[in-house]
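**Student:** Using the sequences plus the hints, can you model the full thing?
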Amino acid sequence: AQTVTQSQPEMSVQEAETVTLSCTYDTSESDYYLFWYKQPPSRQMILVIRQEAYKQQNATENRFSVNFQKAAKSFSLKISDSQLGDAAMYFCAYRSPPSNQFYFGTGTSLTVIP
Amino acid sequence: GAGVSQSPRYKVAKRGQDVALRCDPISGHVSLFWYQQALGQGPEFLTYFQNEAQLDKSGLPSDRFFAERPEGSVSTLKIQRTQQEDSAVYLCASNPTGPSPLHFGNGTRLTVT
Numbered sequence: 028a029q030t031v032t033q034s035q036p037e038m039s040v041q042e043a044e045t046v047t048l049s050c051t052y053d054t055s056e057s058d059y060y061l062f063w064y065k066q067p068p069s070r071q072m073i074l075v076i077r078q079e080a081y082k083q084q085n086a087t088e089n090r091f092s093v094n095f096q097k098a099a100k101s102f103s104l105k106i107s108d109s110q111l112g113d114a115a116m117y118f119c120a121y122r123s124p125p126s127n128q129f130y131f132g133t134g135t136s137l138t139v140i141p
Numbered sequence: 137g138a139g140v141s142q143s144p145r146y147k148v149a150k151r152g153q154d155v156a157l158r159c160d161p162i163s164g165h166v167s168l169f170w171y172q173q174a175l176g177q178g179p180e181f182l183t184y185f186q187n188e189a190q191l192d193k194s195g196l197p198s199d200r201f202f203a204e205r206p207e208g209s210v211s212t213l214k215i216q217r218t219q220q221e222d223s224a225v226y227l228c229a230s231n232p233t234g235p236s237p238l239h240f241g242n243g244t245r246l247t248v249t
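From first to last, the protein sequence lines stand for chains C and D. If you read the first sequence in the working numbering, its first letter stands for residue 28, the second for the next number, and so on. If you read the second sequence in the working numbering, its first letter stands for residue 137, the second for the next number, and so on.
Hints were generated in silico from the structure; no laboratory data involved. Even glycine gets a Cβ: it sits at the ideal position worked out from N, Cα and C. There may be inaccurate statements among the hints.
The calculated label-pair distances, taken between Cβ atoms and stated as ranges, are [as the list claims (entries may be wrong)]:
{"#": "1", "chain 1": "D", "residue 1": "Ser223", "chain 2": "C", "residue 2": "Ser39", "range": "27 to 33 Å"}
{"#": "2", "chain 1": "C", "residue 1": "Lys82", "chain 2": "D", "residue 2": "Thr233", "range": "19 to 25 Å"}
{"#": "3", "chain 1": "C", "residue 1": "Asn89", "chain 2": "D", "residue 2": "Arg217", "range": "18 to 24 Å"}
Below, simulated DMTMM-like cross-link-like pairs (lysine to aspartate or glutamate); rule was C-alpha separation at most 25 Å, straight line [claimed, not checked]:
{"#": "4", "chain 1": "D", "residue 1": "Lys193", "chain 2": "C", "residue 2": "Glu56"}
{"#": "5", "chain 1": "C", "residue 1": "Lys100", "chain 2": "C", "residue 2": "Glu37"}
{"#": "6", "chain 1": "D", "residue 1": "Lys193", "chain 2": "C", "residue 2": "Asp58"}
{"#": "7", "chain 1": "D", "residue 1": "Lys214", "chain 2": "D", "residue 2": "Glu180"}
{"#": "8", "chain 1": "C", "residue 1": "Lys105", "chain 2": "C", "residue 2": "Asp53"}
{"#": "9", "chain 1": "C", "residue 1": "Lys100", "chain 2": "D", "residue 2": "Glu180"}
{"#": "10", "chain 1": "D", "residue 1": "Lys150", "chain 2": "D", "residue 2": "Glu207"}
{"#": "11", "chain 1": "C", "residue 1": "Lys97", "chain 2": "C", "residue 2": "Glu42"}
{"#": "12", "chain 1": "D", "residue 1": "Lys193", "chain 2": "C", "residue 2": "Asp53"}
{"#": "13", "chain 1": "C", "residue 1": "Lys82", "chain 2": "C", "residue 2": "Glu44"}
{"#": "14", "chain 1": "C", "residue 1": "Lys82", "chain 2": "C", "residue 2": "Asp53"}
{"#": "15", "chain 1": "C", "residue 1": "Lys100", "chain 2": "C", "residue 2": "Glu42"}
**Tutor:** What follows is the structure in structure tokens.
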């Protein structure tokens, strides 16, 4: 089974600064999808950004961007110009195309300091 | 509906009671997933439906857990004879098909006393 590892249980960032959250995964598949989800205290998981493994270009969504290193099986999330509303748990997820199965990491709790 | 709807939002059960958690996915979404999320942890897969067919139930922790989606839309997760270790947030998610991301509900927080 695929595994997703987030090695940073907690991170903090000053408001308006940049922070990078790490994620690595283990797979033998060549085609797959990666996601970052945000979970605020309301509990609803919200999609932040997605990346197709066959695309070399790193995905970007406004202040959020990823650094996808396929050979290293690394998928980090960079948040620029951090805002108070970015404070949440962030989960990295891997989707296996054959099974449509999604695997989640254990999460990183991000605190934004005013 | 506009999003995935789960009910109840909170459920307190005494040990040994049966509970039923409901998930109403986004209309037209073929796939439906149930996840269990312990405090401070990531979602752990329980089971997966494609339409009314339960394609994978390998994550159900015991035979006390049962899920159904009889008409391919609303799904119910039933837990019989609840135990304290069943206390968690139960998340439901759906997606249309293929590489689409999951759309999650707000979850049901189950507390077994």
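**Student:** A separate judgement is required for each hint: does it hold in the structure or not?
**Tutor:** Consistency of the hints with the structure:
Take D/Ser223 and C/Ser39: their Cβ atoms lie about 29 Å apart, and the range 27 to 33 Å holds. A hinted range of 19 to 25 Å holds for the C-beta pair C/Lys82 and D/Thr233, which are about 20 Å apart. Distance hint check for C/Asn89 and D/Arg217: the Cβ-Cβ separation is about 48 Å, which falls outside the suggested range of 18 to 24 Å. For the suggested pair D/Lys193 and C/Glu56, the alpha carbons sit about 22 Å apart, so the restraint of at most 25 Å is met.
Proposed proximity of C/Lys100 and C/Glu37 is supported: the alpha carbons are some 21 Å apart, at most 25 Å. Taken as a hint, the D/Lys193 and C/Asp58 pair is honoured in the structure, with Cα atoms around 24 Å apart against an allowance of 25 Å. With a CA separation close to 17 Å, the supplied pair D/Lys214 and D/Glu180 stays within the 25 Å bound. Simply put, C/Lys105 and C/Asp53 have alpha-carbon atoms about 21 Å apart, close enough for the 25 Å limit, and the pair holds.
With a CA separation close to 21 Å, the supplied pair C/Lys100 and D/Glu180 stays within the 25 Å bound. With a CA separation close to 31 Å, the supplied pair D/Lys150 and D/Glu207 exceeds the 25 Å bound. With a C-alpha separation of about 31 Å, the suggested pairing of C/Lys97 with C/Glu42 is violated against the 25 Å cut-off. About 22 Å separates the Cα atoms of D/Lys193 and C/Asp53, which keeps this hinted pair within 25 Å; it holds.
This hinted pair does not check out: C/Lys82 and C/Glu44 have alpha carbons roughly 28 Å apart, beyond 25 Å. Taking the CA atoms of C/Lys82 and C/Asp53, the gap is near 18 Å; set against the 25 Å cutoff, the hint holds. Between C/Lys100 and C/Glu42, the direct Cα distance comes to roughly 30 Å. Violation of the 25 Å bound is thereby established for this hinted pair.
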